[in-house]
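Asks: Fit chains S, A and W to the known structure of chain E by using the hints.
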Amino acid sequence: MFPWVYGFEWNAGTVIFLGLFFTVVIVILTTVTVAVVRSLRAFAQRKHHAVGWEAQFEDLGREARPCRHQLAGETDQRYCRHGFECKDCDFHRKMLDVAEGEAGDAPDRYFHRGHAWVRPETDGTVTIGIDDFGAKVVGPRARAKLPRIGRRIHENGTGWRFLLGDDSVRVLAPVTGEVVAHGGRDEGWYLRVKPLDGPFDLGHLLQGPEVRPWMEHEMARLLRLIPKDCHSDLTRDGRMVDDVTAHCSGLDWDVVCAEILLEP
Amino acid sequence: MSGPKETPQGASRYGMVIDLDRCNGCGACMVACAVENNVAPAPQRANDRNGITLLRVFPMRNGRDYPESRQVFVPMTCQQCDAPPCESVCPQHAVEFDWTTGIVAQIPVRCLGCRYCMVACPYHARAFNWWDPEWPEGMESTLNPDISTRSRGVAEKCNFCHHRRQVARERAAHEGREVREDEYQPACVEACPVGAIVFGDLNDPDSAVAKVYEAPDAFAFLDKLGTKPKIRYRSRQEWVHAMARQGVPEKEVTRG
Amino acid sequence: MKVSRRDMLMLLGGGAVGTIFSPIPWKLLRDSSVWTQNWPWIPVPKRGAAATAASACPLCPSACGVRVRTIGGRPVMVAGLPDAPGQRGALCAAGSGVHQLPWHPDRVRTPLRRVGGGSPGFEPASLEDAVGAIAAAIRETQGTVAILDGRPGRVLGGAYREFLSGRADTCVLVPPSAVRASMPVLRKLHTRDPGPLAVDLDVVDTIVGFSAPLLDGWGQPGLVQQRMHEGRLRLFQFEAVQSRTALMADRWIPITPGTERAVALGLARMLIRSGRVSPAFGYADFKAFVAAYEPWTPRRVFEVAGVDEATLTEVADALAPTGRVVAIGGGDPAGGPLPFEDEASIQVLNLLLGAMGQAVKAQRPLADDPADAASDRVATRDLCDVPDGSVGVLIADLAMAGATVPWPILARKMAPQGLLVSLTPVLADLALHAQWVIPTAPAFTAAHDCPGHPDLPRSLRLARGFTPAGDEVVDPVDLLNRLGTALGIERQATVADALDDMMALRLRALHRAGDGTVFVAGKDPVAMAEIDSPEDVLSMLRAGGCWRTALAAAASAEEPAVEAGDDQTETAPPRPAMPFALEQVAAKDSGGLVNGFQMYLIVGGGVERTAGVARSPILSKVDQESGLRPFANVARVNPATVASHGLRPNRRWRVSTPQGAITMRIEPDPTVPPGAILAGAEPQGALPWNAGNPVDLAAPDGKTWRLLPASITEA
Amino acid sequence: MDRSIIPRGLERAPLGKFLLWLLPWVLLLGFGLYSAYLCLRYGLHQTNMDNRFAFGAWIFLDLTVIALGAGAFFTGFLLYILKRRELKAVINSAVVIGFICYSGAVVVLMVDVGQPLRAWFTFWHPNVHSMLTEVTFCITCYLTVLAIEYLPILLKNRKLRQIPAFLVFEFNLHKVMYVLAGVGTFLSFFHQGSLGGLYGVLNGRPFVFREAFGIWPTTFFLFIISAAAAGPSFMLLTTWIASKVSGKRLVTHYVYESLGRISGYILSGYVLLKTADTLFWIRDTAPSLGVHPASFFANQPGYTALHLLEVALFGFLPMAIFLTKRLRARLGWLVTAATLTCLGIVVNRYVLTIQTLALPTLPFAEVLSYVPSWQETGTFLMVIAYGMLVYSISFRYSNLFPQERELRQG
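Residue numbers (this note's numbering), protein chains in the order written: chain E, 1 to 264; chain S, 1001 to 1256; chain A, 2001 to 2715; chain W, 3001 to 3410.
Hint data in this document are derived by calculation from the structure and do not stem from the laboratory. Note that the coordinates shown come from a computational prediction; the quantities given were computed from them, not determined experimentally. Where a beta carbon is used, it is the ideal one built from N, C-alpha and C, also for glycine. Some hints here could point you the wrong way.
[Claimed, not checked] Derived CB-CB ranges, DEER-like:
1. E:VAL5 / S:PRO1216: 46 to 56 angstroms
2. A:TRP2035 / S:HIS1163: 19 to 29 angstroms
3. W:LEU3331 / E:TYR79: 27 to 37 angstroms
4. W:ILE3282 / A:ALA2050: 56 to 66 angstroms
5. W:LEU3389 / E:TYR79: 33 to 43 angstroms
6. W:LEU3160 / A:TRP2035: 32 to 42 angstroms
7. S:PRO1216 / A:ASP2385: 53 to 63 angstroms
8. W:TRP3021 / S:HIS1163: 57 to 67 angstroms
9. W:LEU3160 / E:GLY184: 23 to 33 angstroms
10. A:THR2019 / W:PRO3287: 55 to 65 angstroms
11. W:LEU3331 / E:GLY184: 49 to 59 angstroms
12. E:MET219 / W:ALA3329: 36 to 46 angstroms
[Claimed, not checked] In silico lysine-lysine, DSSO-like type, Cα no more than 27 angstroms apart, as pairs:
13. W:LYS3248 / W:LYS3325
14. W:LYS3175 / W:LYS3088
15. W:LYS3088 / W:LYS3159
16. W:LYS3159 / W:LYS3017
17. E:LYS87 / E:LYS194
18. W:LYS3159 / E:LYS136
19. W:LYS3083 / W:LYS3325
20. W:LYS3175 / E:LYS47
21. A:LYS2287 / A:LYS2188
22. E:LYS145 / W:LYS3159
23. W:LYS3248 / E:LYS228
24. W:LYS3248 / W:LYS3088
25. E:LYS47 / E:LYS87
26. W:LYS3088 / W:LYS3325
27. E:LYS87 / W:LYS3175
28. E:LYS47 / W:LYS3159
29. W:LYS3175 / W:LYS3159
30. E:LYS47 / E:LYS194
In isolation and in its complexed conformation, chain E is listed as follows (with noise of 0.2 angstroms):
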């Protein structure tokens, strides 16, 4: 194997064998210690949740990830590939150049496709609460588990988990922060959460016009995951039940919030 081994002879043959043997060897090593030592840097960088993230959003269906400018009619069909993250869609530059000075004010509350609303507070910090759509969806039995005050979390990453019985999804975190305070089932579990560095930048996130398409686009996707027979079942007096799942036999929570919550 080695030179240095008894009976080595160095010859053609030995040194093309032995010579692509390495090669392989090397190959395979350089290939793996890449894959680890990216995987270092992410951790070191602290990007690991962004990439995380990245990761898992290949894994989510087309449906589950619209673009935000086909939801405020402004393009058609278009599904997002960059992670929700439209600072780094050229797209999202390019419609926003278009749409200049058509800004309005600032809206009250902005929400990421994972139904999670976010609400500016005056102290620089956020609250973070399940939209109504989420909420029903998760229904009132499930818990949730939230991050402990000081904790942080990152966007795109895990902001809380809801419970029920052996199953849990998690919600996305629609920014990343520490969380400073939060609250329990009877405020409606929400998060307080500061910025780290510099303000939040909540660009990402659906706000004003887009907001209703995207929730008809959800409810759609709903009534996609629920037999037809069902579909009657889900609104009570024009509204949508409480408790959707509980509403359906058959009808697995977990699946059901996975997909909402956009967890593959």
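Replies: What follows is chains S, A and W alone, placed relative to chain E:
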């Protein structure tokens, strides 16, 4: 890869000629070989297919019915090919072709027991240690110290009692002379009660083996395969030559 | 400090990578490599000073000279002794492993007493108990007290006779195949016993073999084959099976199994009718002799034996009555002797061909050889000639017999409550039937004498002891002494206290007689008369020498016929009458199958099978790992018979004979005649592969077992 | 309950039923492990192999599973290198099957060699002229590659992916997977070839010896091609079986059809080359070694004719089915053809390993037959049980067929 090689041009080239008209199949060579090479007695379940017989005497029959049937006994061992098919297939150089003697040697301590060499050998001359070698209590004191015992799980074969050559060379060197032909003879040659086996250096034109090696009644088994065996056989019986040239096996034997 | 999951992972990963670059895995690899090359349970050969010693092979009456390689005094290899007279360096397979016998797995280490009824079991006992029990049995028995001496001619044989001579109704028994083979029958063909006879192979130029295993157990196979190759010996072989001898013979004439007699008689008739009879053959009543042979016309021979007239004529023509022709019957050491009638018919040929005095000569007995002690007072008898149920106490010593004695033959000779004592180094074969087993020294542990083959010129070699025998071994002479004391027998002066002393006595006798020559490898032969002292003889024999009588030197074709006794010489006197029993021999028809049996079971296998109880396990290389020798549990059958009887080789078959049955595997073998089954004989239980014992199936006459009527059915 | 580790959106049988399904395989695995233990502890006399049948059932098994496991390398090759996107639907399954086949083969090889502790000697003192050296190096490297390829499938399990490190590593590994797929293709290519060369170079065995083409005998190339043909067929077959056993639609018919079509094309090339090779062997190779080819068939016509059957029944027929568009549209026909193709590989490897050794070379030797001992069979079955267990567990807890979820919803 395993194509024919050059005829070795080393100092010596040992070969053997076996006279099939003399061999009466007594089996003394087999026993002498086993004793000399520290082969353990057969375990209870061993048979002619899985035992360690570095040299085995096969009956070869003319395929005709009694009383026209004839048979000769063919002592079959490693044919010490000049182009050994077993050497090039061994994945780890456990088979060694000695260019100074033409002897193909097996290094049992390097063998991992893949048995590829046995598949490659057309002479079925290699044996595998299917069992741990076991001697009846005390019998290990009769082992030959010139050769080590082998463990289970390795292949082995005849090497023309190569250790005898070492011993003879040491003695000759000590006395400051060349090895005489009669000093280095494998155990089977020595044991053959009818002198059917002649062994010696083919490069030495005066050796007994060189004189009969090219005899008109001498032939090698499977020489068309290009293995260039250094063991040749002799017989004056025409059917023996015919069988050796194009024998068709007769029947199936089931044992499992 | 708080250890996170990430830290753990880093630690594990770092550890894994770090380990590769540490010496640990490499050291482990190296150690595993060394370990797998030196498994502790694989023995390592011991080293020591190498030396070579000469000795004799004690396994069979051929008594071949051997060269023993020793390491630190331990024998590690045995080969034939080059230039040895009579043998020319040849050694059979069994002899090549003889040095391993002291470690035979079935070695007896203490006297054993039989316990239990059905299945044989033994328990250790003291020698005192054994002596007491045997002495009591000898005292009380109504039957004959006998010692079965498997290897007559040893000094031990003299001690046996001395012991028995103190009592009435005793005899020394000899096994049927070893001695009754050929020459004793020839002696019986004379009106007056010419004494022991021997074949002088050095002057013979033609042998007519009748199933004789000339290259496979009879006499000196190496010598016979080498002389054949030198072109100095011609061999015509009449045999049913295409045996080794048949294959190597100049002419093999296949015969119907069991018809040796018919061929011999037919051949004799041809010689007589064509007038080619030795002038030394002179019977007074020649006409009656001719009349007895007249029915054996070529036609009848063809009908009985399947040998046609042309072939028979051809052989007869080749046999000029020169005196250098000898007909040999004998028998297979494993398959037993030919029936007496066959032997007699064959030996008549020797008379007709004038072999007596030329190819066959008388042996000279030595007057005061302790090996012949008390031979006038104690009868020596063939085991088969003893009346059934007559032996009260039998001490069997078959360790060096080199031939098989089937238990049924022995069993029928024993009295109902008879006591069988076995003197054996190995618990196997007949010892399994004994009431007492006395451990004796296995080959290569104690020095002893090795007399040569009884059918060849007298010879003697010494077997040396290489490995200490151990305290547990009982010297047979010591056993006899103790028995004598227990029985109150007065000791004879000639009986020494131990074998070593007896050997010295024997050498003194040989030296005093001054007969024969001592051959030592690498040196010129020395006539016994020229050797100064018995001690010199001893040292020459210890050096691997061989003493041999001077038969060959004295013989020539012109010499008068029979030399009998020491001084009487007959010049071919006309014989007064036809030799005994010849009418019956000639009149009795040959062969024939018993009702219900359509096949023959031929038992054979040569001497290598029968060295038996004293056979090294390494012989398994030949027996088990090659199909060279017939097995007890394998029936070799002609392929045509396999096909016609539907004998499927992968099934087990039951071979029945009038004496019993045995389960066998079928192996097609074209060298076996159609309608016959060839099987080997082997001692019972000696080695693990012995599955059965066809020699349990002795022929109905209770004397032979070479050929048995048989039938075969699926087991 | 194990629902929390079953991929979301996939429906799997209740745990009890699943365990019941595993039970026989676990028992079989236990039996196999015991058999292997006997062989390792007491030596290879536990098998019915012998000096003439030095290779037996295990080598046959190795050659067969490695050929069938070729689906892994070939699917990877088609997907990553030739960009056949539709095969993404089976790539995970292909990797698992490849991993099972290769690891199973290595385990059996370790039992098969007489001194497993010396196995690394091949790396230490490699004889580069030996096909077995090539086999050893390739199998080791490729098994490593397969293990690395298998890792992301494992790490993407629902529970494991909650650990960020795994998810990140999986992501980064996936990014460089095309390199591994390329290396894997190269290795597997050579491995298949060297397994073919293993026998083809044996000039002492006229029955298998083939003329060299470059430094490799023709069997080297035939093995690669036949494995490439059988790989997709085996993928088709296993996917269909998994689909039948689980009662789920796992891939679209288009994927089945695509696998079948690929198999069919390669098979047609194989049938052509194999026929040419056989004819050349009959006409030139065998006679030059002093053997009349008919003599191989003289003893047991039925038995040795398998050799010809391979081309006709197991080569030409499935090829025709695969390449007929109308038949390809029917899953039944596809499965039939895939089965035939896989059987063809089995027969081919059987002929090469077992028949080669059964036929004697010496004129006085006999045609032998050989029946594996129960210990040998047990070890053989161990690999099958192991494969079933790994596949079943992977199928249950990993997303082997990405289309399954869509097909369920749509």
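Asks: Next, verify each hint and record whether it holds.
Replies: Against the structure, the hints come out as follows:
1. E:VAL5 / S:PRO1216: 46 to 56 angstroms: 49 angstroms, holds
2. A:TRP2035 / S:HIS1163: 19 to 29 angstroms: 24 angstroms, holds
3. W:LEU3331 / E:TYR79: 27 to 37 angstroms: 32 angstroms, holds
4. W:ILE3282 / A:ALA2050: 56 to 66 angstroms: This hint holds: roughly 57 angstroms between Cβ atoms.
5. W:LEU3389 / E:TYR79: 33 to 43 angstroms: 39 angstroms, holds
6. W:LEU3160 / A:TRP2035: 32 to 42 angstroms: Holds, at about 39 angstroms.
7. S:PRO1216 / A:ASP2385: 53 to 63 angstroms: Hint holds: Cβ distance 56 angstroms, inside 53 to 63 angstroms.
8. W:TRP3021 / S:HIS1163: 57 to 67 angstroms: 60 angstroms, holds
9. W:LEU3160 / E:GLY184: 23 to 33 angstroms: 31 angstroms, holds
10. A:THR2019 / W:PRO3287: 55 to 65 angstroms: 57 angstroms, holds
11. W:LEU3331 / E:GLY184: 49 to 59 angstroms: Hint holds: Cβ distance 54 angstroms, inside 49 to 59 angstroms.
12. E:MET219 / W:ALA3329: 36 to 46 angstroms: 39 angstroms, holds
13. W:LYS3248 / W:LYS3325: With a Cα-Cα distance of about 25 angstroms, the restraint between LYS3248 (chain W) and LYS3325 (chain W) holds, given a limit of 27 angstroms.
14. W:LYS3175 / W:LYS3088: Roughly 15 angstroms separates the two Cα atoms, so the pair holds.
15. W:LYS3088 / W:LYS3159: Satisfied, since the Cα-Cα distance of roughly 23 angstroms is no more than 27 angstroms.
16. W:LYS3159 / W:LYS3017: Given that 27 angstroms is the threshold and the Cα spacing comes to 22 angstroms, the pair holds.
17. E:LYS87 / E:LYS194: 21 angstroms, holds
18. W:LYS3159 / E:LYS136: Distance ~25 angstroms between LYS3159 (chain W) and LYS136 (chain E) Cα, so the pair holds.
19. W:LYS3083 / W:LYS3325: Distance ~23 angstroms between LYS3083 (chain W) and LYS3325 (chain W) Cα, so the pair holds.
20. W:LYS3175 / E:LYS47: 16 angstroms, holds
21. A:LYS2287 / A:LYS2188: 21 angstroms, holds
22. E:LYS145 / W:LYS3159: 17 angstroms, holds
23. W:LYS3248 / E:LYS228: Holds, because 21 angstroms separates the two Cα atoms, which is no more than 27 angstroms.
24. W:LYS3248 / W:LYS3088: 18 angstroms, holds
25. E:LYS47 / E:LYS87: 16 angstroms, holds
26. W:LYS3088 / W:LYS3325: With a Cα-Cα distance of about 23 angstroms, the restraint between LYS3088 (chain W) and LYS3325 (chain W) holds, given a limit of 27 angstroms.
27. E:LYS87 / W:LYS3175: 23 angstroms, holds
28. E:LYS47 / W:LYS3159: 21 angstroms, holds
29. W:LYS3175 / W:LYS3159: Roughly 22 angstroms separates the two Cα atoms, so the pair holds.
30. E:LYS47 / E:LYS194: OK: LYS47 (chain E) and LYS194 (chain E) at ~19 angstroms, within 27 angstroms.
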